[in-house]
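**Q** Listed below, chain by chain, are the residues.
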Amino acid sequence: MKTLARRTLVGLLARIGRTAETVARHAGELTLLAIRVAVATLTGRVALRDVLIQLQSIGVGSIPLVGVTAVLSGVVTSQQGGYQFTSSIPLYVLGSVVTSSVILELGPVMTAFVLIGRVGARITAELGTMKVSEQIDALHSLGRDPVAVLAAPRLIAGTIAMPLLVGLADFIGVFAGLVAARFSIGLGGESFLFGARLYWHSWDLLYSITKGLVFGFIIPLISVHMGFGTQGGAEGVGRATTAAVVFMIITVLVMDATFPPLFLN
Amino acid sequence: MIEYIDVYKAFDVPVLSGVSLTVETGETLSIVGPSGTGKSVLLKTTNGLLVPDRGDVRIDGHSVYGSDGNTLQQIRRKVGYVFQYAALFDSMNVFENVVTGLPDGEARRARSPEVLRKVCDALEDVNLDPGLILWKVPSELSGGMRKRVGLARAIVGRPEILLYDEPVTGLDPVNTATISRLILEIRERTHVTSIVVTHDIEQALEISDRVALLTHGRLRFVGTPAEFRASEDPVVRAFADRRAAAEVALGMVEKETEEVEEE
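Protein sequences, first through last, are from chains A and B.
With positions in the first sequence counted from 1, the corresponding number in the numbering used here is that position plus 581.
With positions in the second sequence counted from 1, the corresponding number in the numbering used here is that position plus 1.
A few of these clues could be false.
What the hints assert, rightly or not - A few chain A residues that face chain B, going by a derived Cβ cut-off under 7 Å, partial list only:
#: 1; residue: Ser681
#: 2; residue: Ala719
#: 3; residue: His721
Stated by the list, open to error - Chain B is nowhere near these chain A residues, computed Cβ spacing over 12 Å in every case:
#: 4; residue: Tyr664
#: 5; residue: Val674
#: 6; residue: Met691
These aren't lab readings, by the way, just hints derived from the structure by calculation.
Each residue gets a CB set at the ideal place from its N, CA and C atoms; glycine is no exception.
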């Protein structure tokens, strides 16, 4: 019995050690990649054309899905809030609840999830396929830096596009909440906006956009890092893409949890 | 001149165990050997695609691994690399793929008539009709065409050294003969130094000034095709002569069968 307990404990400690080693390795490699992207950008080795192509793909291409997600977030928040407020709390408070929920949390986080699924997974699969089919080696052999050609345009585009997408999601989400409040509990637009203004802090919008900026940098950074590290054919690409999505979701949620104590107190 | 100096490389197991070899300027050297003996690994250490655990590679006296980033980039620009599966960029058409083989300054002027001429010349050099394939993407090309576009990309920048990684693997006999002829033509026209990693011993003996046999991470033989054919070494003979290879294979099968029966 004692031996079994000892083995279990050793196994658990070994697993914790391996996880810590993996986290430390990824953190180090992500930092190095971020530094190399910064150096490539500051030394003018990133082609504007590549950045514009990625802006089109990451930013403009994501607008429809971000719009749908924002509409649904606003509508659901408004309906559920309305359901809870119909008894004792003044209905106009719903305007504040919807606005704060969408701007502080749902807008940035739901947009981040859209970007992870639509853009992050695609970047990892694309770069992973390039890695296993020797296209990254081909870039090296042609004297070109894959960080400047592949990584930097995606990171720059993500960092520019994401705050704009979050701003758009915030606006659409609040508007959808306003419309839903009218139809679900009969709260007029003026009352909704009165409630929204009553508890409004201009800082909230900056907070939301700042989240977008951070997520817009971290999502392409992780997806590029995982793509560059892909090994072993089609199966390896699948494995790397799945791992990248899990890695991005956890990172976004952990960073999201660190925002309130850092910026809302 | 390319010098491999005591090159070691291991992944989980040792792959290269102290390879030293010199390839003279303008020479064509083929590296042959069984699968998994490190031929492609040795080729990839030439321009820094894989970093050796020990040893060095020198190109025209400059150490590939003792150089700073800029010098390494300059060394890489001297070297054209033809990948086993062409490694064309999927998202680019043939024109854009070949343009990446030009130096940065020219590649940025991709729309200029001068660059278009160079790309078309490189495609014609590998017997491809630019009018037919220039704007196609790699997925629209056959395996042989993709290999030739990969070759065009490698030669468009007029490199001093060409590295071929299994240039005829997976090709039919006609395409194999075409690629072999192209390698010879390019060498005669440009006097480029070439290293060819291949499984095709006939091709190696046909196109090379010297042949190197790599087994178990070490060089077992380096010599001219004539010396290769005349070698008494049974392993070399197994590669040079199909009948000898068959005998060696049969011997291995019989030995394994005896071992199984003894067990």
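**Q** Now tell me, hint by hint, if it's right for this structure.
**A** Hints, verified against the model:
{"no.": "1", "hint": "Ser681", "verdict": "violated (42 Å)"}
{"no.": "2", "hint": "Ala719", "verdict": "holds (4 Å)"}
{"no.": "3", "hint": "His721", "verdict": "holds (6 Å)"}
{"no.": "4", "hint": "Tyr664", "verdict": "holds (49 Å)"}
{"no.": "5", "hint": "Val674", "verdict": "holds (51 Å)"}
{"no.": "6", "hint": "Met691", "verdict": "holds (29 Å)"}
Hint 1 from the list above is the single one not met by this structure.
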